[in-house]
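*Asks:* Model the full assembly from the supplied sequences, consistent with the hints where possible.
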Amino acid sequence: MHKAVFGVLFVVTVLSLSNSLADDTVWKEETPEAAEQQLERMRAAAGKLSRFEIDCLVSDLDTTFAEDKRRHIHLYADETHGFRCEFRPVDLKHMTGRRTASGESSKLSPQIPETWVCKGDTWTTFHEAGRTYATTNVGPKSWLAWIKTAPHQLLPPWLDPAVDWKELNARHKIKLAKSTASEFLVEFSPPVRKDVKGFGPVIDERLESTHSLIIDRRTNLPKRWKTISASGTFDRLTIFQRIEVNPPKRDLKIVLTGYQEMQQVAAAAAQNNPPAQDDGEPFRTIRFAANCFYVLTWCPL
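Start counting the sequence shown at 16; every next residue gets the next number (this note's numbering).
Treat the hints as calculated values from the structure; they're not laboratory data.
Just so it is clear, the structure is predicted and the values come from calculations on it, not from any experiment.
Positions of the beta carbon are idealized from the N, C-alpha and C atoms, including for glycine.
Certain hints may be false.
Claimed, not checked - Once the Cα atoms are required to be at most 25 Å apart in a straight line, the calculated DSS-like pairs of lysine-lysine come out as:
1) K134 with K163
2) K238 with K193
3) K193 with K181
4) K190 with K238
Unchecked claim - Now the in silico label distances, taken between C-beta atoms and shown as ranges:
5) Q256 with E48: 25 to 35 Å
6) E143 with D70: 13 to 23 Å
7) A177 with Q256: 16 to 26 Å
*Replies:* See below:
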């Protein structure tokens, strides 16, 4: 008798466990109102976000050249003091590049190890492979002053308190919402875009892009974020391994030991290998302009 009762209880327990596991993986439709509430909970979980730390894997798919750049990013940002961001390669073995919207396969591209430290009005870039560094002024009058806000580009705008909530709701309409017991998926339609005439301040690309978000219902923080640029040529997939709000304060000390200043290295190389009479100056000027454009449009963040 006892064995029979035990057997029934065991079967009931297994069935209950199976149902709970199934509920955790089966997606159910949600209303736009439910999705808005989940997004509001995510914004509330961020608080003021004056200090945060992130570990994430990023896949940047350039659809023009069918190139998929993979990297790991570790970021610590302090709104008052600055930030430190480390870009590191990931093991590309057994990986395949994502396909473009047209179905074309892409080639994988590794990240060159690089570290950014921004403290006060000084931005220092460390190139790990050559053990060189470069410093740039990013004060209020600098054309690169926007670098100070670059860490926010790693945050979905619904998480970022620096982005106006009403503008987000006005420009980004919810197209699809689904959930499981542990995750909440929200997909947005292409945003309503504003006409900008002439040259103005650097536009927050997040407001111009199309988004898809998977949110952890336990922490109310993002787990997976996909964004497609307004032009459709840039497709970024971010997988968050860790997001910590208000982490312990980190030291942003800049240590130059073991590194050489990049301009000095370049000057020494030029002295040892002087250019020929026709040094192609116009082409070098064009190349410099192209590099500036690269920094503005293909910033790793």
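*Asks:* If a hint holds in the structure, say so; if it does not, say that too.
*Replies:* Do the hints match the structure? See the list:
Proposed proximity of K134 and K163 is supported: the alpha carbons are some 9 Å apart, at most 25 Å. At roughly 15 Å between alpha-carbon atoms, K238 and K193 fall within 25 Å of each other, so this suggested pair holds. At most 25 Å may separate the alpha-carbon atoms for a hinted pair to count; K193 and K181 meet this at roughly 23 Å. Between K190 and K238, the direct Cα distance comes to roughly 19 Å. Compliance with the 25 Å bound is thereby established for this hinted pair.
Here the CB-CB span from Q256 to E48 is close to 31 Å, well matched to the stated 25 to 35 Å. In this structure, E143 and D70 meet the distance hint of 13 to 23 Å, their C-beta atoms being roughly 18 Å apart. Distance hint check for A177 and Q256: the Cβ-Cβ separation is about 23 Å, which falls inside the suggested range of 16 to 26 Å.
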